[in-house]
Amino acid sequence: MSNIGRNEPCHCGSGKKYKKCCLEKDREKQRNVRVATSVEVITGSRRAVSTSAPAPTVQSVEATSVTATDKTLDLSEFPFESDSHRELAASVIPELVKDYSLSYDQQSQLAKLWSDYSQSEAPRYRKPGGYAGALEYLTATKLGKTVSHSELAAKHDVSASTLSKCVHQLSEFSDQQSFALQTV
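For the sequence shown, the numbering used here assigns the number 2 to the initial residue and increments by one for each residue that follows.
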């Protein structure tokens with residue numbers, strides 16, 4: 002909706018104030034659009050997201066794997082603090098494999114970093130795009146590629162400040178763990 006005030010007459014023509022009529026419906030529509038956009042950005046898929054579809058089960062998420070040229074990375078081998086952390090890995094790592102041509106060992110190192118961070122810090126987030134962008138930023142910089150925070154923030158549908166915060170936290174952790182994407 003355009004910028005309609007809460008106390009103005011509702012756009013539907015009911016005569017009620019907007020806040021008493023369609024405000025919540027419009028907010029729900031906006032949330033659904035943002036969720037669909039976030040999923041599209043993270044997965045690269047343009048298929049519609051149904052809000053009534055059941056969430057992935059633990060078994061389906063655990064069975065998710067990332068295909069490399071010669072081996073398959075099985076994410077069930079890595080312990081995660083929560084299913085949302087495993088889902089983030091399952092959606093981000095395949096995209097990074099495509100975008101940065103990661104080897105099986107590099108995928109494994111990245112999954113281990115996220116798994117260790119997940120267990121150690123138990124990050125909480127509303128949008129997975131912050132940490133998805135942070136993993137991409139970390140991957141790109143370790144491989145010597147140049148990417149900006151604002152570019153990745155737009156790609157992962159988060160603010161640049163959220164991305165910067167996530168990059169800072171993940172970078173500090175990776176420095177403590179002496180993380181480096183080893184090239185083979």
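Please keep in mind that the hints were generated in silico from the structure rather than gathered at the bench. Any given hint might turn out to be false.
When the alpha-carbon atoms are kept at most 27 Å apart in a straight line, the in silico DSSO-like pairs for lysine-lysine are as follows [what the hints assert, rightly or not]: (1) K18 x K30; (2) K113 x K143; (3) K30 x K99.
Per label pair, the in silico range of CB-to-CB distance [unchecked claim]: (4) P10 x R127: 27 to 33 Å; (5) K21 x Y101: 24 to 30 Å; (6) G14 x S162: 52 to 58 Å; (7) G6 x K166: 19 to 25 Å; (8) S102 x Q31: 52 to 58 Å; (9) S15 x K113: 52 to 58 Å; (10) Q120 x S162: 25 to 31 Å; (11) K166 x P80: 38 to 44 Å; (12) E152 x P80: 28 to 34 Å; (13) S172 x H12: 43 to 49 Å; (14) S160 x P10: 30 to 36 Å; (15) S15 x S77: 49 to 55 Å; (16) E29 x R125: 21 to 27 Å.
Every residue, glycine too, gets a C-beta built ideally from N, C-alpha and C.
- Give me the numbers of the hints this structure contradicts, sorted from smallest to largest. 3, 5, 6, 7, 8, 11
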